[in-house]
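Asker: Chain order of the listed sequences is V and E. Positions 2 to 115 (the working numbering) are the ones given, in order, by the first sequence. Positions 15 to 128 (the working numbering) are the ones given, in order, by the second sequence.
Treat the hints loosely; a few may be bogus.
Using 30 Å as the maximum straight-line C-alpha spacing, the simulated DSBU-like pairs for lysine-lysine come out as follows [said to hold, decoys possible]:
#1 V:95 to E:55
#2 E:52 to E:67
#3 V:102 to E:33
So, partial list: chain V residues that the calculated Cβ filter (under 8 Å) puts toward chain E [to be verified]:
#4 30
#5 43
#6 50
#7 90
#8 103
#9 106
#10 107
What the hints contain is simulated information worked out from the structure, not anything from laboratory work. Here the structure is a predicted model, which is why all the values come from computation and not from measurement. Every residue gets a Cβ at the ideal spot worked out from N, C-alpha and C, and that includes glycine.
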Amino acid sequence: GENVEQHPSTLSVQEGDSAVIKCTYSDSASNYFPWYKQELGKRPQLIIDIRSNVGEKKDQRIAVTLNKTAKHFSLHITETQPEDSAVYFCAASKGDFGNEKLTFGTGTRLTIIP
Amino acid sequence: DTEVTQTPKHLVMGMTNKKSLKCEQHMGHRAMYWYKQKAKKPPELMFVYSYEKLSINESVPSRFSPECPNSSLLNLHLHALQPEDSALYLCASSQVEQFNTEAFFGQGTRLTVV
Chain V
2 GENVEQHPST
12 LSVQEGDSAV
22 IKCTYSDSAS
32 NYFPWYKQEL
42 GKRPQLIIDI
52 RSNVGEKKDQ
62 RIAVTLNKTA
72 KHFSLHITET
82 QPEDSAVYFC
92 AASKGDFGNE
102 KLTFGTGTRL
112 TIIP
Chain E
15 DTEVTQTPKH
25 LVMGMTNKKS
35 LKCEQHMGHR
45 AMYWYKQKAK
55 KPPELMFVYS
65 YEKLSINESV
75 PSRFSPECPN
85 SSLLNLHLHA
95 LQPEDSALYL
105 CASSQVEQFN
115 TEAFFGQGTR
125 LTVV
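Throw the hints in and build the complete structure from the sequences for me.
Answerer: So, in structure tokens, the structure goes:
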């Protein structure tokens, strides 16, 4: 099955600086790569996703890059703010029609230092 | 309405009890999922329903019994659980008509087995 590794496990960043979280996946058939943010005691929420036919995607302060050859993808958060503090999970899926089987990375606890 | 609603929010049950977790969505999603999340760990897929039929069972013990009575509802019946089954149980849903779409998560049921 799919195996997703995520680094670092914890990350502290000064407010206003950038944060980068990296993930690698094992199954070359995986073609959908979402990133979820989970605040303490709350549900995971999708913040950005990328499909295998795209190399980069940006949404305001958040960007994701995908290198299919190397089987890794990264989350970039610029101009970090205190509300960015949370646990971030990358995930990979090779969802077939009618199914969506996400394999999550181990998570990164991001702390923004005011 | 982009909500997935789970009840109850918290549940404490004994090892001989029978209880059920409920999940509801009104987004017209035809794929629904149960995930288990232990503290400081990523969500782990348990079951996937597609068009109200069980399509994936990730080798979950039979003391967990899923049910999808209609396209909006998903239940998880619990019986003879063990203390190690204590966790946050997350329900999610997604479209299936489009290839690889966002999974919307409920806020979870925090289960404690005593």
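Asker: Now tell me if each hint is right for this structure.
Answerer: To see whether the hints hold, each was checked on the structure:
1. As the CA atoms of residue 95 of chain V and residue 55 of chain E are separated by approximately 22 Å, the hinted pair is consistent with the 30 Å bound.
2. Under the criterion of a C-alpha separation no larger than 30 Å, the hint pairing residue 52 of chain E with residue 67 of chain E is consistent with the structure, at around 26 Å.
3. With a C-alpha separation of about 26 Å, the suggested pair residue 102 of chain V and residue 33 of chain E falls inside the 30 Å cut-off, and the hint holds.
4. With its C-beta approaching chain E no nearer than about 12 Å, residue 30 of chain V sits outside the 8 Å limit, and its interface hint is violated.
5. Evaluation of the residue 43 of chain V hint against chain E yields a held restraint, the C-beta minimum of about 7 Å falling below 8 Å.
6. Hint on residue 50 of chain V holds. Least Cβ distance to chain E is approximately 7 Å, under the 8 Å limit.
7. For residue 90 of chain V, the interface hint holds, the least distance from its beta-carbon to any beta-carbon of chain E being 5 Å, beneath 8 Å.
8. Taking 8 Å as the C-beta contact cut-off toward chain E, the hint placing residue 103 of chain V at the interface holds, the least distance being around 6 Å.
9. Restraint check, residue 106 of chain V versus chain E: the minimum CB separation of about 6 Å is within 8 Å; hint holds.
10. Because the beta carbon of residue 107 of chain V sits about 6 Å from the nearest beta carbon in chain E, less than 8 Å, this interface hint is met.
Comparing the model with each numbered hint stated earlier shows that hint 4 is the single one that does not hold.
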